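Trainee: Starting from the known structure of chain U, arrange chain W on it as the hints suggest.
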Amino acid sequence: MKYLNRKAGTLAIAIFSASLLSGCGGSSDNDNVSINDTMSYDITVINLTSNQPLSPLAVQLHSSEYSAWKIGDPASENLEILAEAGDNSSLLNAQSANVYSGVSGAGAIAPGVSDMLSIEANVNSDMKLTLISMLVNTNDAFIGKTGVDLSGLVVGETVKYSLPIYDSGTEANSELEGTIPGPADGGEGFNMARDDVDYVARHPGVVGMDQGYSESVLNSTHGFDSPAAVLKITRTE
Amino acid sequence: MKTQFLLSILPLSLASAMAFSQSIDVEVTNLTHGMHFTPVLVSAHDSNTHLFSAGETATAALQAMAEGGNTAPLIAASAATVVNTDNIAAGLLAPSASSPVTAIETGDNTHLSIVAMMLPTNDGFIGLDGWEIPTEAGTYTILLNSYDAGTEINDEIIDTVNGGAEDGIPAAPGMDAGTGASGVTDMETNQTVHIHRGNTGDTSLTAGISDVDSRIHRWLNPVAKVVVTVK
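Quick mapping for you: the protein sequence lines, in order, are chains U and W.
Heads up: the first sequence at position 211 corresponds to 211 in this note's numbering, and the numbers run straight through without jumps.
Heads up: the second sequence at position 84 corresponds to 84 in this note's numbering, and the numbers run straight through without jumps.
It is possible that some hints are incorrect.
Said to hold, decoys possible - Lysine-lysine pairs mimicking DSBU-like chemistry, simulated, CA-CA at most 30 Å apart: (1) Lys225(W) x Lys145(U); (2) Lys225(W) x Lys232(U); (3) Lys231(W) x Lys160(U); (4) Lys70(U) x Lys232(U); (5) Lys225(W) x Lys160(U); (6) Lys231(W) x Lys145(U); (7) Lys225(W) x Lys70(U); (8) Lys160(U) x Lys232(U); (9) Lys145(U) x Lys232(U); (10) Lys160(U) x Lys70(U); (11) Lys70(U) x Lys145(U); (12) Lys160(U) x Lys145(U); (13) Lys231(W) x Lys70(U).
Quick caveat, the hints were computed from the structure, so don't treat them as lab data.
Quantities reported herein were computed from a predicted structural model and do not represent experimental measurements.
Excised from the complex, chain U in its bound form (with noise of 0.2 Å):
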């Protein structure tokens, strides 16, 4: 039940070359251009599904050059943790040159039920954006999106954006008892064997026990479909 316990907590990470660089850029009609100049977001995500309660978010702010995940190349040992068992510690914490900040959600977002975090970070161009979060009862699926472009959003502005189904591809789709970390069975989460095809993919759904497969631990009530959430990010500072 780790998924369940997060703390929130903030890894700012300053990138003070970073932001001498852009500021150094030469933009002159960009009369904003200052070193420290402190972007924020106010981040919502909604669970929009039957029975798959969310694992604590995990969102972070990085350059173009940062990537969580690319369909059809395998998945990070950092994304297989939080796509397998709801844990975004390993992925928070990483450092990379090319994160500026991370923010974990406090908490298990439950179906029907929506969450709210603030992130920001001291740059001022090349803002992007990646949001993972785990469906619980299942085996290795989650919800995101990497690199959402937020240079051009201003102050006050929201965007919005459905998030799809993703499949790590890390563990099979077995649905079996044990298998599953989230209320529907309390088996396992993480487990560094990787049993399946090895690369990202949309996920193709799950089957449980109403549609015939008698040894699964789901049952209806756990299929889902396109969208499973909604994300909005707003520009506060």
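Mentor: Showing chain W alone in chain U's frame:
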């Protein structure tokens, strides 16, 4: 300032001169976890042409593509002005794989359509129907849904003997499907082109109602991503 003004109108005049002879790059990504696509056909054509039309009965050429992955009849049925670029992935497009970025000269054609059969299905295919190619240079992303041609009962029985030409699924390229299924259904209730309801599948490799695996051969829309770069 006069020089700058002259320079700024130059690209505009070039753009209007080239408005009906565009160079585009097309890349198709299979977004699914476990479904293969047969050779992908990209077709540039006018606003009145359709490879398929949702809500209408499939043509025999579309049926051949959707049931057996054969794009030749669709190409043969095309008007002479249509620019067909077939098989852009040089064979099957595997789950999560992307085709090479493929350069296409559209000629006078203003719209783009894309089809490929999904395996293993009876007559499921990915479809883009008559997307208007933007005249403004840039990169455009389109997400494609899965369609059912409505021409074959979705019994989900793999029948390599007939190659899918009649009933049955011609192949499961992932070699992860079963045999000996009794058949999911014997009805095709909507016999027009419609959004595919998905595979049912089962978890038996030797019996059950379906030869496809419900844990592997299912999908949610969208199933493909197309990135078009207008140059």
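Trainee: Taking the numbered hints from earlier one at a time, note which ones the structure violates and give those numbers from smallest to largest.
Mentor: The structure conflicts with no hint, since it agrees with every one listed earlier.
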